[in-house]
Amino acid sequence: MHPWVGAGPEDQRHILSELGLNSIDELFASIPPGVCVDGIELPPARDEDWIRRCLGDMASTNVAMDSMACFLGAGVYRHVQPSVVDAVLSRAEFFTSYTPYQPEISQGTLQVIFEFQTLISRLTGLDTANASLYDGATALVEAVLFSHRVLRGKRDLAVVAETIHPMYRRVLDTYTEAAGVEVTVVAPGVDGRLDPDAIREAAGDRACCVAVQSPNFLGIVEDLPQIATAIHDSGAVAVEVVTEAVSLGLLAGGGNFGFDVVCGEAQSFGVAPGFGGPHLGFFACASKNLRQMPGRLAGETVDKNGDRAFCLTLSTREQHIRRSKATSNICTNQGLMALAATVWLEAIGGSGLRELAISCLARAEELKRRITAVGGPWQLAYSQSPTFNEFLLIGPGSGTELVKRLASEGVLAGVPTTDWGGSWPDGVLVAVTERNSADDLDALIGALETLS
Amino acid sequence: MKRRAVRSEPLFFERNSRRVRRQGYLLPNLDDVPQVEPSEVLPPELLREPDPHFPDVSEMEVVQHFHRLSQLNYAVDEGLYPLGSCTMKYNPRLNEQIARLPGLASLHPLQPLSQIQGALRLIWELEEALKTITGMPGATLQPAAGAHGELTGILMIRKALEVRGEQREIVLAPDSAHGTNPATATFAGYRAQEIPSADDGTVDLEVLDRMMNETVAALMLTVPNTLGVFEHQILEIADLVHSRGGFIYLDGANLNAFVGRALPGLMGADAMHINLHKTFSTPHGGGGPGAGPVTVSEALLPHLPVPKVIRGDGGFELQWDDPASIGQMRAFYGNFLILVRALSYIWSLGADGLRSMSEVAVLYANLIRHRLRGAYHLKFNAPSLHEVVFDDSFQMRYEVHNVDIAKRLLDYGFHPPTMSFPLIVHGALMIEPAESVSPEEIEAFCDAMLAIAKEAEMDPGLVRSAPHDTPVGRVDEVRAARNLKVTWTPEDET
Chain C
1 MHPWVGAGPE DQRHILSELG LNSIDELFAS IPPGVCVDGI ELPPARDEDW IRRCLGDMAS
61 TNVAMDSMAC FLGAGVYRHV QPSVVDAVLS RAEFFTSYTP YQPEISQGTL QVIFEFQTLI
121 SRLTGLDTAN ASLYDGATAL VEAVLFSHRV LRGKRDLAVV AETIHPMYRR VLDTYTEAAG
181 VEVTVVAPGV DGRLDPDAIR EAAGDRACCV AVQSPNFLGI VEDLPQIATA IHDSGAVAVE
241 VVTEAVSLGL LAGGGNFGFD VVCGEAQSFG VAPGFGGPHL GFFACASKNL RQMPGRLAGE
301 TVDKNGDRAF CLTLSTREQH IRRSKATSNI CTNQGLMALA ATVWLEAIGG SGLRELAISC
361 LARAEELKRR ITAVGGPWQL AYSQSPTFNE FLLIGPGSGT ELVKRLASEG VLAGVPTTDW
421 GGSWPDGVLV AVTERNSADD LDALIGALET LS
Chain B
1 MKRRAVRSEP LFFERNSRRV RRQGYLLPNL DDVPQVEPSE VLPPELLREP DPHFPDVSEM
61 EVVQHFHRLS QLNYAVDEGL YPLGSCTMKY NPRLNEQIAR LPGLASLHPL QPLSQIQGAL
121 RLIWELEEAL KTITGMPGAT LQPAAGAHGE LTGILMIRKA LEVRGEQREI VLAPDSAHGT
181 NPATATFAGY RAQEIPSADD GTVDLEVLDR MMNETVAALM LTVPNTLGVF EHQILEIADL
241 VHSRGGFIYL DGANLNAFVG RALPGLMGAD AMHINLHKTF STPHGGGGPG AGPVTVSEAL
301 LPHLPVPKVI RGDGGFELQW DDPASIGQMR AFYGNFLILV RALSYIWSLG ADGLRSMSEV
361 AVLYANLIRH RLRGAYHLKF NAPSLHEVVF DDSFQMRYEV HNVDIAKRLL DYGFHPPTMS
421 FPLIVHGALM IEPAESVSPE EIEAFCDAML AIAKEAEMDP GLVRSAPHDT PVGRVDEVRA
481 ARNLKVTWTP EDET
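If you read the sequences in order, they're chains C and B.
Counting in this note's numbering, the first sequence runs from 1 upward without gaps.
Counting in this note's numbering, the second sequence runs from 1 upward without gaps.
Excised from the complex, chain C in its bound form (with noise of 0.2 Å):
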């Protein structure tokens, strides 16, 4: 028997026997026998001795992020990670319970998600946010169905930058093909930016959406306030993604701007990397269109005595009340790592995450000046262009071909664009973050000059 099931044998035919059976498999005779099996083809149980130590060997075999000098990012970003973070994820009372249905006895978990929901919705500059989605990507994919939703259907053209993460762009196509939307794609001018008028001429007016990133996939920062103005032009909805969240801490949401749905990828707040999961999809939007908005919600009412409480609502929007009409098929969402974003960011603070944001703006200029000053083969690919933290390198070779050379010189130099196709060089993107200290950035430096 094994510690994780409850009953012994002893236990189980004290229970058979109270059921008037003779053994477990008449339990299971409604299956019909053209489907049964005795057994599977797997190995034994294990100790946990073994476990760790096997499970352990395949994670020494990878190289984990920390032990090189890193500038790794491309919507993936390492930051300070307080310790209070993993101790509250830790705690039974949060990652072992289930989605707060009875919130009588949930009260811990709902208060959370209002939290988290206030959180990003000061952070991108919109009234209203979700529970969480999937990750940046689905988030994308939620915000050209909630646009297309929003014009109720009339418009199905969706508009987006080719400056947004290519792999945003990848399954977006996946989901858009079934759901009769058409995706264009605008490409970015010479200085990596948008041109509004490139995206007037784009929508026409057809387009129920024009989605842009800023900072963009490049690492530039985009002009939101122009390019809001040339969406509403058109009569769109205007979406902004966000990849880097720590930008929000210095860069103004799009909701300032008259962006009408801000939404991404929030792993940047306390959320590890983990080989690319699980992240935290974010949603925001303005509160006239909360009910087409995608997943779960809490909200604040009273309990019977008049006392705050909070519960999960509008779920009028999900499918377990609407079913083929809800406006998303999400029910499982990315909780705990909304909790870890709420603990993240409260730790750290306005006034710490604007600091934070100010630092990784600070060594990424700081780089980019050092690597201007390196010159050679070495060259910022949009010198020109206002970037956060975050910019595209190009060197003597591909981008695969320098960071394996940059990688072998005890450097882990970024994200090489080589293999994402689009409209700008092959070079590494370089990702600076408040955790590359002077050091890494004298290896950088020492490992370019050394291939100059």
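Be a bit skeptical, because a hint or two may be false.
[Claimed, not checked] From the structure, some residues in chain B lie toward chain C, with a derived Cβ separation under 8 Å:
no.	residue
1	Gly285
2	Leu367
3	Cys446
[Claimed, not checked] Below are the BS3-like pairs computed for lysine-lysine, each with C-alpha atoms no more than 27 Å apart in a straight line:
no.	chain 1	residue 1	chain 2	residue 2
4	C	Lys288	B	Lys485
5	C	Lys404	B	Lys454
6	B	Lys379	B	Lys485
7	C	Lys288	C	Lys154
8	C	Lys304	B	Lys485
9	B	Lys454	C	Lys304
10	B	Lys131	B	Lys379
11	C	Lys288	C	Lys325
12	C	Lys368	C	Lys404
13	C	Lys325	C	Lys154
14	B	Lys485	C	Lys325
[What the hints assert, rightly or not] Selected chain B positions facing chain C (Cβ under 10 Å, derived; list incomplete):
no.	residue
15	Phe12
16	Glu96
17	Pro102
18	His108
19	Glu125
20	His178
21	Pro182
22	Leu235
23	Pro323
24	Ala324
25	Gly327
26	Phe394
27	Met396
28	Ala406
29	Glu435
30	Leu462
I should point out that these hints are in silico values taken from the structure, not numbers from a laboratory.
Note that the structure is predicted; figures quoted are calculated from it, not measured.
Glycine is no exception: its CB is placed at the ideal position from the N, C-alpha and C atoms.
Let chain C serve as the given structure and place chain B on it in line with the hints.
Here is chain B on its own, set in the frame of chain C:
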């Protein structure tokens, strides 16, 4: 539920009301590079004003805040959590430790292949294990949750039909199906159509025969169904659907009922999602994250999402380009750290442990069925596996609803069953105990349910006004929907 010291906790935004500077975390040395004035390098009009309503608090305040909030939650570690269709089992601590290893948690998804071999192997191993457990030849671990798995499966079916040059319009699902099934059908561009259940709660073959035609892309079926009843005609159903060019999608939410006892591959399934957060013990996390890997038949094998993890001669690789694939379902490769936990669980239990997991889950559900029968009405009499669905029709004689019974259970220290689902049982109480707790805990739950049945008869007001002993009293959910307030705003301060 025991009386708690903490019954409410101010919102974070109500803390530090003087809005003074405090420090919750010491940032790394910020002075080792030259300082930058943001407005000199970024367009000033794009910068955020400091937010006076985003307070700074000390570390201890953060810890206390969340500690107190946690005290307001019920959890698996506290007692039985018999939510039907949710499989609330123990979340082994070993798996939590493994998922926190730096070689897994601190791994970037876009590192060079040579640096991520262990992670790719882990994905490959879990795919292999799930293929064995389901008896199906292909798997993808990309989907982030069950509903996401459903969509992945239906999109693969859509693709297979497209390759065949067919456009079908309808996806069928029984009226007992999870809401995600019809929602998924719509999301995938199909029209959802409901099959009315037969008298025993299973699919009526004659009705299916009438509905299943060349416009139907797939039948979505939950096995065992949401009553815990196994579709005894599953093979005939699959034959019928296949013979008319349709596909079988199995909703694997209830896989905990038959691991090591039956194989979906033998049931004619073309695609099936597996909720790792149900059958394979990964924590529910207050609503997520989960993971919803999908296993597929030969027919759908070419259409699996990219990237695919391939075992090559020189190690593991990621295959990104595949024109027959439906494409990518999310960024990167899945909820990886959830996958890690599930593999740790599967390897820990091994073949026999997994089989006994399902056996005890079914045994416990039948013990509950046996003990509560008589006190609670059982609409469908067919033998059930891992869950049992009663309803409130006996208690309605005293005007006690299923909701009242659920709220009264809170006073007894138990999480209630799933309520008002499946929709074909009015006033449903859907009970799934899972296998982890002791028999004594199952018995204590039955005793509580029997005591409540008695209370409903003797003192119905007590039940109707429950809960009496929870951090907050019965919550006004109607008011929440009418007077929508989903964020705190500075106006709340006055």
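Hint validity - Pro102/B Cβ closer than 10 Å to any chain C Cβ: holds (4 Å)
Restraint check, 10 Å cut-off on beta carbons, for Gly327/B near chain C: holds (4 Å)
Given hint Glu435/B near chain C, where the shortest CB pair must fall under 10 Å: holds (5 Å)
His108/B as an interface hint toward chain C, with CB separation required under 10 Å: The hint holds - His108/B has a Cβ within 10 Å of chain C, the shortest such distance being about 4 Å.
Interface hint status, Gly285/B versus chain C (Cβ within 8 Å): For Gly285/B, the interface hint holds, since the closest Cβ of chain C sits about 3 Å away, which is under 8 Å.
Given pair status - Lys304/C, Lys454/B, alpha carbons within 27 Å: OK: Lys454/B and Lys304/C at ~25 Å, within 27 Å.
Given pair status - Lys454/B, Lys404/C, alpha carbons within 27 Å: Not OK: Lys404/C and Lys454/B at ~72 Å, beyond 27 Å, violated.
Pair hint Lys368/C and Lys404/C, alpha-carbon separation not exceeding 27 Å: holds (21 Å)
Hint consistency between Lys131/B and Lys379/B [alpha-carbon to alpha-carbon, up to 27 Å]: Outside the cut-off at roughly 36 Å; violated.
Closest C-beta approach of Ala406/B to chain C relative to 10 Å, hint status: OK, holds: Ala406/B within 10 Å of chain C, min 7 Å.
Closest C-beta approach of Glu125/B to chain C relative to 10 Å, hint status: holds (8 Å)
Restraint check, 10 Å cut-off on beta carbons, for Glu96/B near chain C: Holds - the Cβ of Glu96/B comes within 10 Å of chain C, reaching about 7 Å at its closest.
The structure fails to meet hints 3, 5, 6, 10, 23, 24, 26, 27 and 30 from the earlier list, while all remaining hints are met.
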